[in-house]
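2 protein chains.
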Amino acid sequence: MKRIVLFVVVLLLNLQFLRADEGMWLLNQLDQLNLKDKGLQMDVNDIYSPGKISLANAVVNLGGASAELVSAEGLILTNHHVAFGAVQRASTRGTDYLTNGFLAKTRDEELPAPGYVARILLEMKDVTDRVLKGIDGIDDPLKRQRAVKKRIEQIEEEIENGRSDIDADIASMYSGQKYILFKYQRFEDVRMVFIPPRSIGNYGGDIDNWMWPRHTGDFSFLRIYMSPDGKGAKYSPENIPFKPKRWIKIAREPLSEGDFTFIIGFPGRTNRYSTSYAVSFAQNYYYPLAVKEFGEIINLLDEIGKESPQLAIKAVGTSKWLNNGMKNYQGNLEGMKRLNLLGEKQKQEQELQKFINSDNDLKKKYGDLLAKFESEYRKSAQTFERRFLLERFNYLAGTIPGIARGIYGTASERAKPEDERNPSFSEKNVKRTIQRLKYRYMSYAPEIDKALLKRMLLRIKALPEDQRIKGLDYIFKDFASVDEFVDYAYANTKLTDVAYAQSLYEKSLDELNKSDDPFIKMARALQPETEKLNKEREERRAVLNELEKQYIEVLMAWKKRPFYPDANRTIRLTYGKVSGYSPRDAVWYEPFTTLHGVMEKETGKFPFIVPEKLKELYRTRDYGQWVDQNLGDVPVAFLNECDITGGNSGSPVFNAKGELVGIAFDGNWEALTGDWKFEPVIQRAINVDIRYVLFITEKFAGADYILKELGI
Amino acid sequence: MKRIVLFVVVLLLNLQFLRADEGMWLLNQLDQLNLKDKGLQMDVNDIYSPGKISLANAVVNLGGASAELVSAEGLILTNHHVAFGAVQRASTRGTDYLTNGFLAKTRDEELPAPGYVARILLEMKDVTDRVLKGIDGIDDPLKRQRAVKKRIEQIEEEIENGRSDIDADIASMYSGQKYILFKYQRFEDVRMVFIPPRSIGNYGGDIDNWMWPRHTGDFSFLRIYMSPDGKGAKYSPENIPFKPKRWIKIAREPLSEGDFTFIIGFPGRTNRYSTSYAVSFAQNYYYPLAVKEFGEIINLLDEIGKESPQLAIKAVGTSKWLNNGMKNYQGNLEGMKRLNLLGEKQKQEQELQKFINSDNDLKKKYGDLLAKFESEYRKSAQTFERRFLLERFNYLAGTIPGIARGIYGTASERAKPEDERNPSFSEKNVKRTIQRLKYRYMSYAPEIDKALLKRMLLRIKALPEDQRIKGLDYIFKDFASVDEFVDYAYANTKLTDVAYAQSLYEKSLDELNKSDDPFIKMARALQPETEKLNKEREERRAVLNELEKQYIEVLMAWKKRPFYPDANRTIRLTYGKVSGYSPRDAVWYEPFTTLHGVMEKETGKFPFIVPEKLKELYRTRDYGQWVDQNLGDVPVAFLNECDITGGNSGSPVFNAKGELVGIAFDGNWEALTGDWKFEPVIQRAINVDIRYVLFITEKFAGADYILKELGI
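Residue numbers (this note's numbering), protein chains in the order written: chain A, 1 to 712; chain B, 1 to 712.
Just so you know, not all the hints are guaranteed correct.
No distinction is drawn between identical chains; accordingly, a pair holds when it is met within one copy or between any pair of copies.
Claimed, not checked - Quick list of in silico lysine-lysine cross-link-like pairs, DSS-like style, CA-CA up to 25 Å:
1. K347 / K615
2. K428 / K150
3. K292 / K605
4. K243 / K657
Please keep in mind that the hints were generated in silico from the structure rather than gathered at the bench.
Take these sequences, add in the hints, and give me the full structure.
What follows is the structure, encoded as structure tokens:
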């Protein structure tokens, strides 16, 4: 009963930026959080302290996601959906590991997870002074931003010092108030150890995605390998398991409702300090269009997938992330409206404006700040549809057109004087792109590619006159139809061959300009408008970044308490209790789901197929040590109050003692707008319970030796 | 947490027929229930005792539903959906009371609810001996059944003794083990006092129907009138408000979770003692076909309703009950499968068979009982589709064809020797049918009727050869198409005129056989097969009834504890605590919903439109005395563990002291199979909280004088 009252009361309060337990904190801010008072039962310095080996060193950055070291021999845990790409690629070679799962019975059987890069934090340091030295004086936002980027690259290169297994990343915090260096060791030999079958690891699939109650065993065991001399290295049969300095102990005490927990991981992006103008743009332009476009492509892929199982496997990866994105956008849209985020932001800005106006110095410095935001976003909305399509052409128009554009774009950048190049261009990146090219071809199928390109070209053709993409006019003029062009292009390109595509990356712009390949020609036709667009975007970002920096400055002056920076793929800590929530009137979601619930959801149809072996374990109640006495059942997933977002997938969930109790894998639907605003009453992280991980590993897969390696 | 454990444990137990709180008890069984121990705080004899005025006398049978007397001047409360038909009929005359609601500011303004019949219990008595005297010796089930029916009619007529306001109903209990007489006073002048707008009384509409959490203010105030000399009478301006001997006091103490409650009402039908063969027939034949047919008709009506608001109003009543039925069947189907009802029944029958076989006398009497059931249901399934369509022709093929068949069927019965007639035929019933005919025409519209008839004829045309309805062959032979026949029939019938239809009820079979009316001709064409079908059904029912009687006999011998009879539209009591439930793993439904939840569900689109006035009351928190301190809000609906079914709609919900705390209006979706099997862990009654009724009456409608009449 009290829960309902609480919900109403909280909604009625005028919530400000920061509330109890909100925040994705930098590891060097932990001292400000009084974690001991909140329930932490370990030394906060053992979570992170500069120069000391601590828990943070056992948290792994795995591609865009997170993972954690759980043994002395480089064993890591992450989500099934994080390992999904590797499993998918391995499955195209014969055995369907997606459906059946994969278990290496010996080290020798561990299969490479090609393309997977694990990075382990070595050091973290404030380098603001070094980055901004001499740059503070530059007034023009674009020039200033470029100078900052260049300076960052210089420092990064200096620190990496030519070592291929060291990554130095300098990240901007609070829109450029601070710059923090993150130094990682980089490992490109990651192997699959145990992947549960999709009917466990992806149980509930897209239907349950973002949803609670959840019954997904969303975990996988991988292993990091290093060169025999202890360096991060590419795959080689000579490599040996990585020997970390620190790994995470598995909790042996049961986790319960109300327990203190924390999560360390690599959250991707949040917009917690955005203005009403940014919210309005997202709500009225960005999300609605993205939902429409993604939805159309998903339907298209679904249709193609029905033609054959091979095509379905090729399409599933793309379909999965589009679905994920679309559901995210839809949830954000609904949530923004439900929470009246726009109205709330507007109200807050009125108060902020009053605060600014109350002081002459502030007024001078920030008086027209909000008006400037308004003007920027108004401009931005004007030709948004054209921009959306052109910017996303590379990944929404098919594999080959995207690759062709990558090749042509690379040559174009190379042809420029160095200081006019796109700051993110570097030969190092080009080399990586070339190496990774083969993974992109793994999901290529001509049927899918053609359908995507046709759709995109028809969309472009239908743009209003003032948003025309002129470079492509030749297609609509020279060919009888879009279909004719697409058929012609795929019949006459050589880019369907990986080696050929890789070779083109070495060509100069002049050489490419002579190419007859229809896709290189199309890329060339799009290049001038793309460059113009890129330049405009860079300028807009620079201007907005400057405005955002000022906005946070004045917010800090106004609110006078600790601020965590927006998520930006850097390592963060968030904490909170194990706790259910009320999604709506008279409904209470308990914080734990159970194996019983897995059975309850079974329909026998994908994604609700339960493996026969699991049913047998349930029937015979063969739960071993993994039954929770309170639940009378094996726990499957749980909720806690932690503040996470995309990128946190695979993050370790710790109990008060810093032991592993779960793996974060999702947020709840009701709090999808969490990237914009943390709602403590309804925002929850969804985690797979470590006991389910171990139950499946031991009882379902019979992999006792993994448990042994974990020290169990 | 404990809730989940409980759920699992209960599912794992092998549940038998009777568990705590199960049962729709006859009022003369209350002594067996130890209600005081369970929480009742009043004398059980004040609920019901023969010859004494008690609570039971304040419970009203209202058509097929229930209601309760709440004032000394005949004011009754029932559900909005029970009053729906009256409101709909009143709305066809101009003002749209469905949408706007209706409030009589004075007695004079109270509008007749034509067709509504209220009956108040005068007496209840076991008459088994009288009914069965001399009949017990008849062996043939059909002959026996006819003899029983005739005997019942004789006794009923004798008791009614020509008084038009007395109804005597003798009901068979335990498939004919017992016969109980219910004597009612009958009132045909019922008037509308306060009907909330549909946006309150039907908030959530068909979407929320059967669902929890529920936010429907499903109540209406009506008033019973009597003749100035105190008799039940038809509507007359001379009539005066009924002065009951007993009415129900409104509870003034707040209702809370865990409180003891009970419900008295008129549950319709249950099949608690049915065999696995009946379950199998329902699961594999009856429900699937009914869902398909109803679904098709609902879609058809939806399409027609889009053509005009007038057509939509005409269609809404039919659409509503079809939807209600369809959702019920679907829920039953799903639930039967989920609970594995079939498997459970089969297992129980194996045990029962063992029990029977263990004793020679039992074996002799009941040894082949289950085999006989099997044989009956196998036969029944053979031409089920044909039977379904022919039996439901009268109400699924349109108003006029149904009326024509009623007319022809009446004449056919009249033409027979008295002892060959259908036992339910009587001139008294014919007279009532004629009087009520006008109400059937209120939902008649040619567009709807034609579409329904076309659909039905096409269905019949498509039946397999061995299920042909031969009587209609002439339509498919003589007319170029079904469309042509239907257009011809409606262009040439006079039955669209009520008076004409009424006049045909007086005609003899010979006269009707000479009629040119296309619908009378169609009725005549269907009659031979219908009579054959009716005869077969009567025989099948007689045989099954005999088997069912034996089945309950042997169950009683086996289980040795009190049995309540299946629901059969007679007055019953059920009790249980106010309590939430877990619909699925990790989800808990609280037992109360609130006004906040009403607002939360608002979409602005039907059926989730909230009246502006109600929003204002919410905004200003103008809740008066109706706020619940625990909830911090106005309660809207609540759950209790009572065992109810269709027919209980409108039943009073009492607290431990016998005061009114709510009005039952629905059961929950998860327990739709409740008619087959009571599941204590998930079966709940859904009730509108009396405080919401009074809040809406006082604060929304400003009808303080109603509160005054209630003694508040």
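How the hints compare with the structure:
For a Cα distance limit of 25 Å, the shortest separation of K347 from K615 across copies, 21 Å, qualifies, whereas the shortest one inside one copy, 54 Å, does not. For the homomeric pair K428 and K150, the shortest alpha-carbon distance inside one copy (15 Å) is at most 25 Å, but the shortest distance between copies (99 Å) is not. When the C-alpha separation of K292 and K605 is checked against a cutoff of 25 Å, the pair qualifies only between copies, where the shortest distance is 22 Å, while the shortest distance within a copy is 27 Å. Only within a single protomer do K243 and K657 lie at most 25 Å apart by alpha-carbon distance; the minimum there is 23 Å, versus 73 Å between protomers.
Of the numbered hints stated above, none is contradicted by the structure.
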